[in-house]
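Sequence lines, in order, name chains A and B.
Be aware that the first sequence starts at 1, since it is given in the numbering used here, and climbs by one per residue.
Be aware that the second sequence starts at 1, since it is given in the numbering used here, and climbs by one per residue.
Everything labelled a hint here was simulated from the structure, so no lab data went into it.
Every residue, glycine too, gets a C-beta built ideally from N, C-alpha and C.
Errors might be hidden in some of the hints.
[Said to hold, decoys possible] Calculated from the model, a selection of chain B residues having no Cβ within reach of chain A, i.e. all distances over 12 Å: (1) 12; (2) 36; (3) 77; (4) 141; (5) 147; (6) 181; (7) 183; (8) 205; (9) 208; (10) 242; (11) 252.
[As the list claims (entries may be wrong)] Keeping only pairs whose Cα atoms sit at most 16 Å apart, straight-line, the calculated EDC-like set for lysine to aspartate or glutamate is: (12) A/280 <-> A/346; (13) A/34 <-> B/161; (14) A/376 <-> A/360; (15) B/79 <-> A/346; (16) A/238 <-> A/267; (17) B/202 <-> B/228; (18) B/188 <-> A/44; (19) A/136 <-> A/152; (20) A/137 <-> A/58; (21) B/13 <-> B/161; (22) A/72 <-> A/334; (23) A/22 <-> A/11; (24) B/73 <-> A/11; (25) A/404 <-> A/334; (26) B/33 <-> B/15; (27) A/15 <-> B/135; (28) A/353 <-> A/400; (29) B/144 <-> B/169; (30) B/113 <-> A/11; (31) A/376 <-> A/44; (32) B/144 <-> B/172; (33) A/277 <-> A/307; (34) B/160 <-> A/37; (35) A/380 <-> A/78; (36) B/206 <-> B/196; (37) A/34 <-> B/135; (38) B/203 <-> B/242; (39) B/73 <-> A/194; (40) B/200 <-> B/242.
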Amino acid sequence: MKIKKGIPLIDQHDKNGFYGGKFGGNYVAETLKKPIDDLTKLFEKYRKDKNFIKERDDLYENYIGTPTRFIKLQNLTDHLGGAQIYAKMVSDCRGGAHKCYNAITHAMLCKRAKKKYICTDTGAGYNGKMFSMVAKKFGLGCKVFMGTRDIERQKPNCDAMKKNGAEIVPVNSGSKTLVDAVSECIRYWVSNCDKVHMGIGSLVGPNIFVKICGFSTAQISRELVVQLEEEFGEIPNKLKLINCVGGGSSAYGFWSEFIDHNKNQVELIGVEAGGPKNSKLHAAPLSKNSKIGILHGAAAYCVQNSDGQINETESISSGLDYPSVSPIHCFLKDSGRAKYVSATDEAALDAFKLVTELEEISPSLEPAHAFAEAIKIAPKLDDSNIIVVDSCGDSLKDKDIIKKHLGSYPR
Amino acid sequence: MKSQISLAFQKCKKENRPALLTYTVAGDNSKKKSLEILKSISNHADILEIGFPHNAPTADGAQIQNSSYRALKNGFKLKDVFQIVKNYKKSKNAKPCILMGYYQMVYRYGERKFVKECRKVGVNGLIVVDLPWPDNKKFSKLCKKNSITFVQLLSPTTSKERMKKIIKDSHDLNYFISMLSTTGGKLKVSPKKILENYNKIKKINKSKNMVIGFGITNKTIGSFKKADGLVVGSALCKGISDSIKNRQNPVIKLNKMVKALRRKIV
């Protein structure tokens with residue numbers, strides 16, 4: 001399995017939508033074949049359209065507020081005494097996370113498809129929040145599907161969605177988390193695909209949704225290239241890009257411009273949710289060697305039992321609490337280009353605590369997993385190594401969880 | 001040689017009525033009861049669709065989801081569906097059986113192993129909800145080789161061009177999804193409009209049997225008598241849910257329901 005150079009990874013699929021010959025595809029009901037074909041044509045047309053790109057870039061710059069900051073975490077670096085640690089502050093984005101990039105592209109496509117309604121799924125609530133925000137701006141009706149367990153644990157984002165006028169549809173089936181929200185959102189689209197545009201909130205789903213999401217979040221690494229060159233005069237020789245991976249939308253966006261670099265120069269490290277330390281449950285299909293399964297329209301490594309039923313997952317972070325992962329990350333894993341590890345709930349909380357004590361930043365529990373890995377490896381490396389962590393979400397949504405586990409919320 | 005499925009349609013045509021196809025979930029509400037249900041409704045149905053449950057179904061409405069979750073909660077394993085069909089086929093009034101489910105289950109079991117097992121226990125047809133044409137070409141051939149009808153799905157969103165290609169590759173039975181909906185949705189299109197669409201597709205190749213499903217209940221079934229066959233699924237799954245809630249025997253309840261459905265189409 002080999003990655004080609006000079007072609008965006010999202011475009012390296014065969015005619016059936018498979019990456020590396022086996023990841024991805026379009027496992028959907030017949031009813032969705034046409035809406036997916038239509039969306040594919042629409043996207044392929046507009047991604048090359050200068051006006052479309054100009055409008056998007058303008059929205060990214062003036063509405064989302066890009067570029068987001070690239071900062072050195074000097075105190076953390078000094079404290080750990082090894083590699084130099086930087087953060088890409090994607091949480092600076094309007095709304096507090098990277099999910100707005102994908103939401104904007106979808107809203108723009110929805111408008112061009114002449115549809116008045118948009119629906120999406122959400123786990124941590126950030127995707128729902130961004131879709132609701134962008135829908136309001138574009139004058140679209142918005143429905144957000146969310147597991148009832150997540151509605152309970154991510155209240156601040158739910159409040160934001162309601163304030164933006166979106167309807168939150170509670171999903172009570174299965175584990176009541178992201179996996180069930182995505183299923184319900186797809187079911188809703190099956191019944192309403194003639195009037196409603198669907199945006200999947202991560203780099204998962206049938207091929208076209210993987211592509212639209214990756215196309216959108218790639219903005220993160222475009223900025224990072226410029227910022228690294230400003231800081232170091234070139235792309236550093238020993239660079240490690242660490243990102244949390246649930247579905248994998250921010251990780252792909254953070255890495256996409258660097259995939260062609262030699263892996264000895266730019267190492268890509270994905271951190272999955274290892275779940276509670278003393279539990280067998282996790283949401284880490286890549287690092288815990290799950291088998292390939294078909295979920296939500298795509299073949300990918302997936303946490304499942306021997307009979308093919310999707311297993312329950314567990315993570316302190318709703319955004320990573322998903323049994324499968326993007327086919328793109330399966331491709332990156334099997335081709336050897338990226339490395340995937342996991343961090344436990346406890347490690348993520350410890351990382352959050354240390355980072356917020358030392359620095360003026362407050363990453364949510366998703367990027368706290370990435371910080372946990374950075375904290376683990378930095379002391380073993382010398383200062384010629386540059387670690388950049390994608391701080392892709394703001395912690396405010398996790399206030400209650402953090403309070404419960406650490407006794408107080410430091411902000 | 002004609003397949004058991006084709007023969008069933010032939011018989012119905014002679015009787016000048018559509019075939020009645022039922023859908024129930026294997027293992028709902030227990031392995032034993034689901035087998036008893038199949039045996040009991042055989043007296044009134046012409047072909048039995050049997051669902052093998054999956055816990056992330058993306059095209060099923062609430063009723064079938066409930067049935068699937070019930071079966072899984074009771075410890076259903078994929079191998080049980082084969083056992084159920086095997087035992088059912090021993091009964092004296094056994095009808096053709098079509099298994100229906102999601103590709104993940106087939107994929108995990110192994111395509112070849114799955115089809116072989118189907119053949120061994122006497123499965124006559126297969127519907128894989130999320131393996132659309134042309135991705136199903138290889139699998140459909142594998143079914144044919146094993147004398148199993150792979151049922152192609154057609155929907156109101158399927159273009160005419162695509163219809164033609166799908167029908168060309170299809171076996172002896174196709175399934176027309178009446179409207180944009182998950183299973184068990186309320187009929188939101190008039191039966192007249194559905195039959196119009198149905199007839200348009202039927203014209204592409206009259207020799208292939210085509211059934212209509214989604215939104216067919218005791219109330220609506222009488223309006224579709226001109227179709228080759230009609231599938232009732234969610235209404236029956238709801239029947240099982242209701243009987244559990246009311247502490248009735250689901251076997252008796254379903255028998256009554258299917259008998260009533262049959263009466264509406266003769």
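Exercise. Looking back at the numbered hints, which does the structure fail to meet, lowest number first?
Worked result: 3, 6, 7, 14, 15, 18, 19, 21, 22, 24, 25, 26, 30, 31, 33, 38, 39 and 40
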